[in-house]
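**Q** Take a look at the letters that make up each chain.
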Amino acid sequence: MGVGIQVEHLNAWYGKSQALHDINLKVEANHATALIGPSGCGKSTFIRCLNRMHETTPDTRVEGKVTIGDLDAYNGTSPTQLRRRIGMVFQKPNPFPTMSIYDNVAAGLKLNGYSDRKHLNDIVERSLKSSALWDEVKDTVHKKSGASLSGGQQQRLCIARALAVEPEVLLMDEPCSALDPISTGKIEELIFQLKEQYTIVIVTHNMQQAARVAEYTGFFLLGSLIEFDKTEKIFTTPSDKRTEDYITGRFG
Amino acid sequence: MASPRGPVPDTSAATTASRALEISLGRRIADHLATGFAVLTVLIVLAPLVAIFAYLVYKGMGSINLAFLTHIPKPPGELGGGMANAIAGSVLILAVASLLGVPLGIGAGVYLAEYGQNRFGDTVRFVSDVLNGVPSIVIGIVAYAIVVLRQKHFSALAGGVALAIMMVPTITRTSEEMLLLVPHSLREAAYGLGVPRWRMTLSIVLRTATSGIITGVMLAFARVAGETAPLLFTAFGNQYWNWRLDQPTAALPLQIFTYAIAPYDDWHRQAWAGALVLIVLIVSSVAAVRYVVRRGTLGGAA
Chain X
1 MGVGIQVEHL
11 NAWYGKSQAL
21 HDINLKVEAN
31 HATALIGPSG
41 CGKSTFIRCL
51 NRMHETTPDT
61 RVEGKVTIGD
71 LDAYNGTSPT
81 QLRRRIGMVF
91 QKPNPFPTMS
101 IYDNVAAGLK
111 LNGYSDRKHL
121 NDIVERSLKS
131 SALWDEVKDT
141 VHKKSGASLS
151 GGQQQRLCIA
161 RALAVEPEVL
171 LMDEPCSALD
181 PISTGKIEEL
191 IFQLKEQYTI
201 VIVTHNMQQA
211 ARVAEYTGFF
221 LLGSLIEFDK
231 TEKIFTTPSD
241 KRTEDYITGR
251 FG
Chain B
253 MASPRGPVPD
263 TSAATTASRA
273 LEISLGRRIA
283 DHLATGFAVL
293 TVLIVLAPLV
303 AIFAYLVYKG
313 MGSINLAFLT
323 HIPKPPGELG
333 GGMANAIAGS
343 VLILAVASLL
353 GVPLGIGAGV
363 YLAEYGQNRF
373 GDTVRFVSDV
383 LNGVPSIVIG
393 IVAYAIVVLR
403 QKHFSALAGG
413 VALAIMMVPT
423 ITRTSEEMLL
433 LVPHSLREAA
443 YGLGVPRWRM
453 TLSIVLRTAT
463 SGIITGVMLA
473 FARVAGETAP
483 LLFTAFGNQY
493 WNWRLDQPTA
503 ALPLQIFTYA
513 IAPYDDWHRQ
523 AWAGALVLIV
533 LIVSSVAAVR
543 YVVRRGTLGG
553 AA
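Quick mapping for you: the protein sequence lines, in order, are chains X and B. Using our numbering, you'd call the opening residue of the first sequence number 1 and step up by one each time. Using our numbering, you'd call the opening residue of the second sequence number 253 and step up by one each time.
In case anyone wonders, no lab produced these hints; they're calculated from the structure. Heads up, a few of these hints could be off.
[What the hints assert, rightly or not] A short list of chain X residues far from chain B (calculated; beta carbon distances all over 10 Å):
| id | residue |
| --- | --- |
| 1 | HIS21 |
| 2 | ASN24 |
| 3 | THR80 |
| 4 | PRO95 |
| 5 | SER177 |
[To be verified] So the derived list for chain X, only partly shown, Cβ under 7 Å to chain B, looks like this:
| id | residue |
| --- | --- |
| 6 | THR56 |
| 7 | ARG83 |
| 8 | LEU111 |
As the structure is a computational prediction, the values presented were derived from the model and not from experiment. Glycine included, each C-beta is placed from N, C-alpha and C at the ideal position.
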């Protein structure tokens, strides 16, 4: 089951330049939350702070409090511990090229020392089914490399890989920006099903996509969260002028 | 463009278009010249290699027989005998060198690529580049000082150590380059799954860079396999069989050297044959490693 996320006074820096300014936000469990905003507004940095990926970039810094369920992300939790409970899907599909499809999905468990063969088989099959890839690859899971799939299939493989560790939260950083409309449609359909079991935070450049998949939407601008509300409200009667300008295409 | 027979806009437009697509004579000549030059340089580069190999086959093939591959050398003046002990000695010394040099080199490469973005890393890089340029005879002296003097006699181990020192810088630098080529997105994918850094480095980064690292290892191996100078006062050479690490050992390059400068025609022929065997051994071991690595790669993998 998914858990909620609470963010309080979050600030983030790259070197000396501040990328996030005092973000406060509450993500509802088992719902999809979309983050929109122009390029460079900090939405990717924001979700990278949720699973502490931000700090893997050299010379970066984070301040503030992030609570994932009952876990205080920056206090008394190790990054690896945290990331095992939070799945992440990246902008460009990044399957491990030397591994088979099966090993890609099992990677999160195997690399963390889990080796019960029978249970792994079940998890791989279930994860590939949840990411709607099973029917296309079931005959070649051991024979083919993850890199041999098409772009859309690779992205669904990456989703399966993230789901295999049974996370409570799924972070998606523009997961469809490198995909064609048909693959995008498949992934959106998937998000619809997944949010019954997981809390989903999705960064997107595509406002229609936000409107289609998310119950809540946040609008970022220049490192600040300008407005956060029900998706319907944001797209019909936004309370901030800047949000309105952005979604009506007057800038950005 | 008004033609005397009346305006026919369609065809005239088509002619203009096709004229624009037509490549001028000058450009076509330049194209052929450039291609010709490229082919010529390839031939010039390949010619010495083919010539050396062909000449070795011509000079050495006739002297390779079962006795050459299975017998040890006869005393000076007697005809016949072979280089079996030298072939075995080369295998032994190269095995020692690889066992020492390959893990050290790859380990240092991993350090430089993953943790070496600091002054110490820069120093290691500089030192390893300098080491790469140190004359091989000097490396031999080093191995003599640290192994032979201590053991009080020449040995296969000393030869292996000398060759290992020569392998390390090449392997270190190529491994580092290959590891740095692994896309950052793969590291992020592993981090995102909650994989600890050491595990990510071993199972994802190192594994993805394997084929490149193997290339570096084979380069280093092929280079030291033919070295003579560092073995002169380390492995020393031996007229008899030796399988012990702490005894003087024959090696193909040493044997070739000794036979080539000797005054006997029969030894000259054997030196040619030894050179041919050495090249065939190097080529076949590199090919074998490549085959094994390729067989382990999945279909469609990069």
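**Q** Hint by hint, note whether the structure agrees.
**A** Do the hints match the structure? See the list:
1. HIS21: holds (25 Å)
2. ASN24: Non-interface label on X/ASN24 holds, nearest chain B Cβ at 25 Å vs cutoff 10 Å.
3. THR80: Violated, since 5 Å does not exceed 10 Å.
4. PRO95: violated (8 Å)
5. SER177: holds (14 Å)
6. THR56: holds (6 Å)
7. ARG83: holds (4 Å)
8. LEU111: holds (5 Å)
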